[in-house]
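Undergrad: Sequence:
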Amino acid sequence: AEKVREMFAPDKSIEVRRIPEPGNHVFKDSPEVFDELGDFKDSGMCFLFAAKAEMDIPCSEVMWSCETDVPVTVYLDLTPSEGTDDDLPPWLLAEHSGWTLIDFVGTLRSQSSSPGVVYKQ
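For what it's worth, the working numbering labels the leading residue of the sequence shown as 1, then goes sequentially.
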(Lines of atoms letter the chains of each structure in order from A; the text may use other names.)
(Lines give C-alpha, C1' and ligand atoms only; values in the text may rest on other atoms or scores of the structure.)
Protein backbone atom coordinates (compact mmCIF):
# COMPACT_ATOMS: atom_id res chain seq x y z
CA ALA A 1 0.00 0.00 0.00
CA GLU A 2 2.91 2.36 0.68
CA LYS A 3 4.09 2.12 -2.97
CA VAL A 4 0.83 3.52 -4.36
CA ARG A 5 1.43 7.19 -5.02
CA GLU A 6 -2.04 8.36 -5.86
CA MET A 7 -5.54 6.97 -6.39
CA PHE A 8 -8.16 8.87 -8.33
CA ALA A 9 -11.85 8.16 -7.79
CA PRO A 10 -14.96 10.28 -8.46
CA ASP A 11 -15.68 10.90 -4.78
CA LYS A 12 -12.02 10.69 -3.61
CA SER A 13 -12.99 8.08 -1.03
CA ILE A 14 -11.01 5.08 -2.26
CA GLU A 15 -8.55 3.49 0.17
CA VAL A 16 -5.68 1.10 -0.49
CA ARG A 17 -5.62 -1.55 2.25
CA ARG A 18 -4.10 -4.95 2.90
CA ILE A 19 -6.32 -7.92 2.00
CA PRO A 20 -9.05 -8.02 4.66
CA GLU A 21 -10.11 -10.89 6.88
CA PRO A 22 -13.36 -12.81 6.35
CA GLY A 23 -16.21 -10.85 7.92
CA ASN A 24 -14.85 -7.48 6.79
CA HIS A 25 -16.91 -5.28 4.49
CA VAL A 26 -16.49 -5.54 0.71
CA PHE A 27 -17.61 -1.92 0.15
CA LYS A 28 -17.74 1.20 2.32
CA ASP A 29 -21.46 1.75 1.74
CA SER A 30 -22.83 -1.80 1.77
CA PRO A 31 -23.43 -4.43 4.46
CA GLU A 32 -21.93 -7.09 2.14
CA VAL A 33 -18.96 -8.90 3.73
CA PHE A 34 -16.28 -11.35 2.63
CA ASP A 35 -17.08 -14.93 3.68
CA GLU A 36 -13.96 -16.47 2.12
CA LEU A 37 -10.94 -14.92 0.41
CA GLY A 38 -10.09 -17.69 -2.06
CA ASP A 39 -6.59 -17.41 -3.53
CA PHE A 40 -6.31 -13.82 -2.27
CA LYS A 41 -5.92 -15.12 1.31
CA ASP A 42 -2.37 -14.70 2.65
CA SER A 43 -1.29 -13.34 -0.76
CA GLY A 44 0.29 -10.14 0.56
CA MET A 45 -1.72 -8.20 -2.03
CA CYS A 46 -3.55 -4.93 -1.50
CA PHE A 47 -7.27 -4.30 -1.78
CA LEU A 48 -9.10 -1.22 -3.06
CA PHE A 49 -11.80 -0.33 -0.53
CA ALA A 50 -14.35 1.88 -2.24
CA ALA A 51 -18.06 2.62 -2.45
CA LYS A 52 -20.43 0.15 -4.10
CA ALA A 53 -22.23 3.18 -5.53
CA GLU A 54 -19.27 3.58 -7.90
CA MET A 55 -20.45 0.40 -9.64
CA ASP A 56 -23.15 2.60 -11.20
CA ILE A 57 -20.53 4.50 -13.23
CA PRO A 58 -21.09 3.62 -16.92
CA CYS A 59 -18.47 1.23 -18.30
CA SER A 60 -17.63 3.86 -20.92
CA GLU A 61 -16.21 6.12 -18.16
CA VAL A 62 -13.12 5.72 -15.98
CA MET A 63 -14.03 4.51 -12.50
CA TRP A 64 -10.54 4.72 -10.94
CA SER A 65 -7.00 5.38 -11.98
CA CYS A 66 -3.85 4.66 -10.03
CA GLU A 67 -0.24 5.82 -10.11
CA THR A 68 2.44 3.66 -8.49
CA ASP A 69 6.19 3.83 -7.94
CA VAL A 70 6.65 0.17 -8.90
CA PRO A 71 5.11 -2.16 -11.51
CA VAL A 72 1.86 -3.70 -10.29
CA THR A 73 -0.56 -6.42 -11.33
CA VAL A 74 -4.23 -5.55 -11.00
CA TYR A 75 -6.81 -8.27 -10.35
CA LEU A 76 -10.55 -7.94 -10.99
CA ASP A 77 -12.52 -10.26 -8.71
CA LEU A 78 -15.98 -10.54 -10.27
CA THR A 79 -19.00 -12.12 -8.61
CA PRO A 80 -20.74 -14.98 -10.47
CA SER A 81 -23.42 -12.57 -11.75
CA GLU A 82 -20.78 -10.03 -12.88
CA GLY A 83 -18.62 -12.70 -14.50
CA THR A 84 -21.10 -13.94 -17.10
CA ASP A 85 -20.26 -13.28 -20.74
CA ASP A 86 -23.49 -11.28 -21.16
CA ASP A 87 -22.59 -8.97 -18.27
CA LEU A 88 -18.88 -8.31 -18.92
CA PRO A 89 -18.01 -4.80 -20.11
CA PRO A 90 -16.63 -4.43 -23.66
CA TRP A 91 -13.36 -2.89 -22.42
CA LEU A 92 -12.58 -6.08 -20.48
CA LEU A 93 -13.23 -8.34 -23.46
CA ALA A 94 -11.54 -6.18 -26.09
CA GLU A 95 -8.81 -8.09 -27.97
CA HIS A 96 -5.97 -5.76 -26.94
CA SER A 97 -7.31 -4.80 -23.49
CA GLY A 98 -4.47 -6.54 -21.67
CA TRP A 99 -6.93 -8.30 -19.32
CA THR A 100 -6.57 -12.09 -18.98
CA LEU A 101 -8.97 -14.55 -17.38
CA ILE A 102 -6.90 -16.58 -14.89
CA ASP A 103 -7.31 -19.85 -13.00
CA PHE A 104 -7.67 -18.22 -9.58
CA VAL A 105 -10.29 -18.77 -6.88
CA GLY A 106 -12.01 -15.45 -6.22
CA THR A 107 -13.64 -14.26 -3.04
CA LEU A 108 -16.92 -15.54 -1.68
CA ARG A 109 -19.14 -12.70 -0.54
CA SER A 110 -22.18 -12.76 1.72
CA GLN A 111 -24.55 -12.13 -1.19
CA SER A 112 -22.99 -14.70 -3.57
CA SER A 113 -23.47 -18.45 -3.70
CA SER A 114 -20.01 -19.19 -5.12
CA PRO A 115 -16.75 -17.43 -6.02
CA GLY A 116 -16.72 -15.64 -9.33
CA VAL A 117 -14.02 -15.27 -11.96
CA VAL A 118 -10.76 -13.35 -11.74
CA TYR A 119 -9.04 -11.33 -14.47
CA LYS A 120 -5.59 -9.78 -14.26
CA GLN A 121 -3.55 -7.19 -16.07
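Please note that a few of the clues may not be correct.
Claimed, not checked - Ranges between beta-carbon positions, derived for each pair:
hint: 1; residue 1: Trp64; residue 2: Gly44; range: 16 to 24 Å
hint: 2; residue 1: Asp69; residue 2: Pro31; range: 31 to 39 Å
hint: 3; residue 1: Gly23; residue 2: Ser60; range: 34 to 42 Å
hint: 4; residue 1: Arg18; residue 2: Glu67; range: 16 to 24 Å
hint: 5; residue 1: Pro20; residue 2: Ser113; range: 17 to 25 Å
hint: 6; residue 1: Glu21; residue 2: Ser113; range: 18 to 26 Å
hint: 7; residue 1: Glu21; residue 2: Phe104; range: 18 to 26 Å
hint: 8; residue 1: Asp29; residue 2: His96; range: 16 to 24 Å
hint: 9; residue 1: Gly23; residue 2: His96; range: 16 to 24 Å
It should be emphasised that the hints constitute simulated quantities derived from the structure, not laboratory data. Keep in mind the model is a prediction, meaning the values are calculated, not measured. Just so you know, even glycine gets a beta-carbon here, dropped at the ideal spot from N, CA and C.
Undergrad: Against the structure, test the hints numbered earlier, and report the numbers of the ones violated in rising order.
TA: 8 and 9
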